[in-house]
Amino acid sequence: MAKTDRQDIPSPIGENSPRIDAREKVTGAAIYADDIQFGNSLLHARIKRSPHPHALIKKIDTTKASALPGVKAVVTGEDFPGYIGLYLRDRYIFCRGRVRYVGDPVAGVAAISEEIAEKALELIEVEYEILEPVLDPEFGASPKAPLLHPDLGQYAVVNFIFPQAGTNISNHFKIRKGDVDSAWEKCAAIIERKYRIPQIQHVPIEPHVATAKVDETGEITLWVSSQSPFAQRNLIAESMGISQSKVRVIAPYVGGGFGSKAGVSMEALVVAIATKVKGHPVKLLLTREEEFYTAFVRQGLVAYFKMGCDENGRLLAMENKFYWDGGAYTEYGVNITRASGYSSSGPYEVPNVRTDSYCVYTNHPVTGPMRGFGMPEMHAGLEQCIDELALKIGMDAVEFRKLNCLKTGSTLVTGSKMHATGLSDCIKKTAEAINWGTKAPPSAPNKRRGKGLAIMWKAPAMPPNAGSSAWVELAEDGTVNVGVGGQELGQGVFTVMAQMAAGALGVPYESVRIATPVDTRYSPYEWQTVASRLTWSMGNAVANAAKDAKRQILDTVAEAWEETPEDLNIVNGVVISYKSEREIPLKNLVVYGLPKPGDQGWRGGPVVGRGKFMPAYVTGLDPETGQGERAVVHYTTGAQAVELEVDLDTGRIEIIKGVSTFDVGKAINPEMVKAQMEGGFVQGMSSALFEILQLKDGFVRNPSFVDYRIATSADTPRELQAYIVEVPQDDGPWGARGIGEHSMVPTIPAIANAIYDAVGVRLEGPPFTAEKVYLAMLDAGIVK
Amino acid sequence: MAFHKINVTINDDLEQVVVPSNMTLMHMLRESLALTGTKNGCSAGECGACTVLLNGEPVNSCMVLAVECDGAKIVTVEGLAGKKQLDPIQEAIVQEGGVQCGFCTPGILISSHALLKRNPNPSEDEIREALVGNLCRCTGYVRIIESVKVAARMQSVTT
Amino acid sequence: MTMNTHPSLPEFEYVQPATLAEACEFLASHAVEARPFLGGTDVFVRMRDGFLTPQFLVDVKNLKGLNDLHFDPKAGLTLGAAVNMNRVIASPEVKAYYPLLAEACRSVASYPLRTRATIVGNICNASPAGDTIGACLTLDGVLHIHGINGPRQESMASFFLGPGKTTLKLGDVVTAIHFPIPPKGCVGMYLKLGRNQLSDLSIVGVTALGYPDSNCKSGYRFRLALASVAPVPLVPTQAETYLANHSITPESVHEAARLSTDACSPIDDVRGSARYRKQMARNLSAKALAEVWKKLN
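In order, the protein sequences belong to chains H, W and Y. FYI, the numbering for the first sequence is 1 to 784, going by the numbering used here. FYI, the numbering for the second sequence is 1 to 159, going by the numbering used here. FYI, the numbering for the third sequence is 1 to 297, going by the numbering used here.
Extracted from the complex, chain H is given alone in its bound form:
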């Protein structure tokens, strides 16, 4: 439904329909992947992992492990020669010849119990030749660094990623726009800064879990906590050299994803093991500790920014260099480098931009997509520089942003034009809500108060042709079953899809169900549940499917009533004629059809509507300049502001108030949109104040909740406001675009700017722990 008539927004679009999954989730009835019961044939898998950040595997001896009673299979990389990966196929399922991070899977065991599987791991003997590790992305990108992927030049790769063979650079994205070099002399103020953003982890409360079974014919079934059942089907089949039709992925509710359960990671391990014990389901459940160092983590970033403006505060030039710490494998992460490159101006119109964004292999944990996909990391530095530049040129930071931010029709960093956007409204609303320009007194003499604001943009980062499909089927009682392949991660997408189906078809929300769990054998195709793309993309597919069903129904009724479909409509589950004022409930016709008069046969029949959506307009970008017609489908924009206090005795930060405003095009369910803004704010706040994977010599020193702290109920701000701006998306369902990830993009810089406002210190990067803030104040002489 590319074009919609927004004058006529049907119920329940834009209404706060209750969550479709809430009741089963509060009674304990909702099924997650670890809850599925497999009976006594279930085997348990454990993984032997590399204790070294970088080493060659000289020898693996599994004889003793295989001989242990209760062990059913022991596998190593020798058994699985295929590469796997989303954009760049750079990893084996189990290591072959070389390990590249502490935790790299070297061997796998299936046994009748977890205890026996663990004992078997201890019996596997691995000889390593230890190699020098790469522990810093900037060093890794240099010619001095040891080469981690000597075969980089041979890896299969999509056409918009540019690995540099013979280096550790797995992608180099460039922007060359205007003339940066000669722009500097026209600048009245220039800021140059370096930031370091640490690796963090997604921390879904549900750890990764997957169970695989391979039958006698080699057909694979995978029950998994997954954001990407279809991508997993595809990638696993490709790696194993089998047909996609031989892989079936069943994906129940996901207990939090945030990107960590996208693409394919530990799922391939358990499938590989299962191929050796046909007929047995094999389960692998990551421990929380494994979750921290073997599941995807967010990329680290070393970022250099240089930006300048004229004497009126107009941005003239930016020169950015990003070294992304991609970890041992960057099959998914390479596209973060690209996304941060084509968004590297931030949400500003800048005539001259030079960007080099490098994805660098290191011997750190494997990085992958995480809520924001590079944008929180990039904006963390960029939005602090904007504050500093505004200060330097003598402008208020909000006024500076209003002046320079993207407006409808602005020229983007990639050369294309900005679509309709409400970013200016977001800034205005956010500044108002935080009472920008006023300063309240601190709550105690040993505290200092400050305010900060930051803005953002983010596009869905995905292949140009990521597609969605859906079906809408009606039952005898007129209820509607909606088939989708996108996943409910908590973001509320099933509720929103039900609303859209109800709205497009003309039935009450309560009569719509979503066909769950997602099962690649029965559910329609969906690329992945990532990139905040489902409300928009899958929403279009569902609306199209509902319209298709509606057309079928109206055609049947029109024929029966000898009217034209244009005079008919479906309202509240009843077909009505505006012309004849006749009506008939859906349940009377959607399965059995309608009888022809005089017992002369039937017309109609079971109604199944189908719909799809795939953007057809995304073009490539020039590999040397990053310029092109249309790099992405759209950008969601927004702003956040915080008010905080710094405790001078300890350096501890307390967030007093947070405000978020985002332009979501159209809020299909406003309360759930606000819930995304709140949850994203707190996750962003948590990353700003607490979170860091403490890496030392390639080891994660804090792989548990004891020492990897996330925000708790006691840390959340007492006042959290969320505002919605609605400037419709031209190809969004009822104008909608995504919001899930965006809500944590500007939080780090908003907090950093507020800390500066409060006490006048800036730090190289988050987390802004009490210790870092205090010691910075101490070094600056602010405290003694």
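These are computed hints drawn from the structure, not numbers from a lab. A quick note: this is a predicted structure, and the numbers were derived from the prediction, not measured. Be a bit skeptical, because a hint or two may be false.
Below are the DSS-like pairs computed for lysine-lysine, each with C-alpha atoms no more than 27 Å apart in a straight line [said to hold, decoys possible]:
#, chain 1, residue 1, chain 2, residue 2
1, Y, Lys64, Y, Lys74
2, Y, Lys294, H, Lys447
3, W, Lys84, W, Lys149
4, H, Lys402, H, Lys417
5, H, Lys306, H, Lys144
6, W, Lys149, H, Lys657
7, Y, Lys278, H, Lys696
8, H, Lys447, Y, Lys278
9, H, Lys784, Y, Lys278
10, H, Lys119, H, Lys278
11, W, Lys117, W, Lys149
12, H, Lys306, H, Lys407
13, Y, Lys294, H, Lys784
14, Y, Lys287, Y, Lys184
15, Y, Lys287, H, Lys784
16, H, Lys392, H, Lys407
17, W, Lys5, Y, Lys64
18, H, Lys447, Y, Lys287
19, H, Lys772, Y, Lys278
20, H, Lys772, Y, Lys287
21, Y, Lys64, W, Lys73
22, H, Lys447, Y, Lys295
23, H, Lys144, H, Lys194
Chain H side only, calculated, beta carbon under 7 Å to chain Y, not exhaustive [to be verified]:
#, residue
24, Glu114
25, Asp649
26, Phe690
27, Gln694
28, Arg709
29, Glu771
By construction, the Cβ of each residue, glycine as well, lies at the ideal position given by its N, Cα and C atoms.
Let chain H serve as the given structure and place chains W and Y on it in line with the hints.
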């Protein structure tokens, strides 16, 4: 390793279970009894997803041995609701939008239910403190805290 | 770091002795392979991490008397070893006479964990970060211990030998902790700095207790205990002596805070650096002393 036969009342049903020494209450609920509403988030007493009531008090069931529960009364999320209606905290958290992915929800419900039992009218600070051991990564806690307030009001109306 | 944490608890035998004597005997005769446990909140975690590998876990929490919470207006408070922290917090007698003890308990982890966690367990773990240890030290707690040679008592002051190391001998079971009636007019406070607002382990924790004492030159006696700044829970006696001998002023409080910092020998770890810990030992000591002083007047 020795196995122990224990008698335990779970959600008002008396169960007899044979458990090995090292089995936690969480594993017994999930694996021996298929009461999978109780979630395994960390197995270390840190995330709170496995919170259940043990003799009326909330515990991290991953930090209790099953064998220690001989003769005990356990309530899990499956046992919170009455025959016909949800517990006020279940009702409130649905109404206030305090559920997203739902994985922390069982633990949040048990902790909140226990709070409201020992303190029918908790302040915001008391709610925050009572839930500090139940990590939630989706909601930012705002709507969960609000749900507890609403449940307290619901309870005071009905009692 | 703990790279190979077990998915669940490794194998062991669960032993539930019927009597204290039986427990002591079992523990003494299985010197290396047995461990007593109460709530298990620490021992289970360390077993999963592979740091502890006991063959036998001896459940002493149901032994006679171990669940008693007894208060006598003359003799003071006796907490059975198995009395959990939530019971301590909820006890009206503790609230009235030992609010510092309740405050310290409330700072530990979360409510569900405190249903299992005990003060005696916290003490026996002998972590320098133990949140309730400072209160027990400043309130002059005395441990009641049952060993193979029968019962004995040990003062908290001499109990800790190093991280995880105490004066407990093989076969010992701590059965209770006893607190005398606190000095008249005493005021206590526990200042805990964690990474989160609540529930975290301490980066630094400072317990301060003050009361009027005519034997002191200043007229007041202050007790201090610092967590996470030394191999054992630290009592900075020089700071205490200084305040006993100098009239209490903002300057003397600062000097005492400085002395207490001097006594610290913190390390760098994942929770904080030694440099920061020193700073915080000073600031929090000063703050705790000042707050206590304010309430004393």
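(request) Take a quick look at whether lysine 772 (chain H) and lysine 287 (chain Y) sit within 27 Å of each other, Cα to Cα. (result) Holds. Lysine 772 (chain H) to lysine 287 (chain Y) sits at ~20 Å (cutoff 27 Å).
ask   = Between lysine 772 (chain H) and lysine 278 (chain Y), does the CA-CA distance stay at or below 27 Å?
value = Holds, at about 14 Å.
inquiry  = Just to be careful: measuring from the Cβ of glutamate 114 (chain H) to every Cβ in chain Y, is the smallest value less than 7 Å?
reply    = holds (5 Å)
Going straight from one Cα to the other, do lysine 119 (chain H) and lysine 278 (chain H) come out at no more than 27 Å? OK: lysine 119 (chain H) and lysine 278 (chain H) at ~22 Å, within 27 Å.
Decide if the proposed pair is consistent with the structure: lysine 447 (chain H) and lysine 278 (chain Y), CA atoms, cutoff 27 Å inclusive. Holds: lysine 447 (chain H) and lysine 278 (chain Y) sit about 21 Å apart, inside 27 Å.
Between the alpha carbons of lysine 784 (chain H) and lysine 278 (chain Y), is the straight-line distance 27 Å or under?
holds (13 Å)
Checking one constraint from the list: CA of lysine 84 (chain W) to CA of lysine 149 (chain W), max 27 Å. Satisfied? The hint holds at about 23 Å.
Check: When you check the alpha-carbon spacing of lysine 402 (chain H) and lysine 417 (chain H), does it fall within 27 Å?
Finding: Given that 27 Å is the threshold and the Cα spacing comes to 18 Å, the pair holds.
Discussion item. Would the hint linking lysine 447 (chain H) and lysine 287 (chain Y) be met if the CA-CA limit is 27 Å?
Written reply: This hinted pair holds, its Cα atoms lying about 14 Å apart.
Q) For the hint on phenylalanine 690 (chain H), does the least C-beta distance to chain Y fall short of 7 Å? A) Constraint on phenylalanine 690 (chain H) satisfied, holds at 6 Å.
| request: Sort out whether lysine 407 (chain H) lies within 27 Å of lysine 392 (chain H), counting only the CA atoms. | output: holds (24 Å)
Take a quick look at whether lysine 294 (chain Y) and lysine 447 (chain H) sit within 27 Å of each other, Cα to Cα. Since the Cα atoms of lysine 294 (chain Y) and lysine 447 (chain H) sit roughly 19 Å apart, the hinted pair holds (cutoff 27 Å).
Hint violations for this structure: none, all hints satisfied.
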